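Produce the complete structure using the sequences and hints provided.
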Amino acid sequence: YSDEKVLRQLSPKTQQDLLSVLAPLMQWLDVRGQSDAMRFDMDILAAQSARYTNPEELDVLWPVIVEKVERLPPHLAQVQQQGQRINQLRDLGWWKQASLEELEDIRIHLRGIMHLMQKDATPKFGSIQVDISED
87 YSDEKVLRQL SPKTQQDLLS VLAPLMQWLD VRGQSDAMRF DMDILAAQSA
137 RYTNPEELDV LWPVIVEKVE RLPPHLAQVQ QQGQRINQLR DLGWWKQASL
187 EELEDIRIHL RGIMHLMQKD ATPKFGSIQV DISED
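The numbering used here numbers the first residue of the sequence shown as 87 and each following residue consecutively.
Simulated from the structure, these hints should not be mistaken for lab results. On a predicted model such as this, the values are computed, not experimentally measured, just so you know. A couple of the hints might just be wrong.
The calculated lysine to any residue pairs, modelled on SDA-like cross-linking and capped at a C-alpha distance of 20 Å, are [what the hints assert, rightly or not]:
hint, residue 1, residue 2
1, K91, Q102
2, K91, L105
3, K182, K205
4, K154, Q134
5, K154, A132
6, K205, E153
DEER-style ranges, computed between Cβ atoms [unchecked claim]:
hint, residue 1, residue 2, range
7, Q101, E187, 18 to 28 Å
8, D127, Q166, 21 to 31 Å
9, Q215, Q170, 49 to 59 Å
10, Q164, S219, 56 to 66 Å
11, G198, Y138, 24 to 34 Å
12, P98, R125, 29 to 39 Å
13, V216, W180, 51 to 61 Å
14, L104, S185, 17 to 27 Å
15, Q101, E153, 32 to 42 Å
16, K99, P160, 29 to 39 Å
17, Q204, S97, 38 to 48 Å
For glycine and all other residues, C-beta sits at the position ideal for the given N, C-alpha and C.
Shown next, in the form of structure tokens:
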């Protein structure tokens, strides 16, 4: 399946081959440490699907993706290199007219920096003291 033309056509035979031959191999793919990138992939995939099936859903998906992008530290060189794409993501108008290829370009280029997102602060709990009265 090195021929991109065959993959783009996605005929029933190609779909069946992908499901029967390639899908089982995915279990061996090492994805440790890529949870942020995979979540971003899923968000963009949902947006791609909504773009063509239910454009109103973009109004719900867009803020979720923008919030993740906003948590990228702007002072890092990797983030600055993707500045144009990040600015596109912030514009809801761009989302409404973006093609599948443009969304895929965003996904491919930004997934590699999603691990740089500033994580939510985990709440610190004090030590628990239990006072048990004796009989």
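We went through each hint and held it up to the structure:
Taking the CA atoms of K91 and Q102, the gap is near 17 Å; set against the 20 Å cutoff, the hint holds. Among the hinted pairs, K91 with L105 is consistent with the structure: their alpha-carbon atoms are about 18 Å apart, no more than 20 Å. For the suggested pair K182 and K205, the alpha carbons sit about 29 Å apart, so the restraint of at most 20 Å is broken. Distance check on the hinted pair: K154 and Q134 sit about 17 Å apart at the alpha-carbon level, within 20 Å; holds.
This hinted pair checks out: K154 and A132 have alpha carbons roughly 15 Å apart, not beyond 20 Å. Between the alpha carbons of K205 and E153 the distance comes to roughly 12 Å, so the proposed pair stays at or under 20 Å and holds. Between Q101 and E187 the Cβ separation comes to about 20 Å, which falls inside the hinted range of 18 to 28 Å. For D127 paired with Q166, a C-beta distance near 22 Å keeps the hint of 21 to 31 Å intact.
Evaluation of the 49 to 59 Å hint for Q215 and Q170 yields a pass: the beta carbon distance comes to about 54 Å. Checked against the hint of 56 to 66 Å, the C-beta distance between Q164 and S219 comes to roughly 58 Å, which is consistent with it. At roughly 26 Å, the beta-carbon separation of G198 and Y138 lies within the given 24 to 34 Å, and the hint holds. Checked against the given bound of 29 to 39 Å, the beta carbons of P98 and R125, roughly 31 Å apart, stay inside it.
The given range of 51 to 61 Å is respected by V216 and W180, whose C-beta atoms sit roughly 55 Å from each other. Separation of L104 from S185 is about 23 Å and conforms to the stated range, judged on CB atoms against 17 to 27 Å. Between Q101 and E153, the C-beta spacing of about 34 Å keeps the proposed range 32 to 42 Å intact. Between K99 and P160 the beta carbon distance is about 47 Å. The supplied range of 29 to 39 Å is therefore violated.
Here the CB-CB span from Q204 to S97 is close to 44 Å, well matched to the stated 38 to 48 Å.
Going down the numbered hints, you'll see the structure goes against 3, 16, while the others check out.
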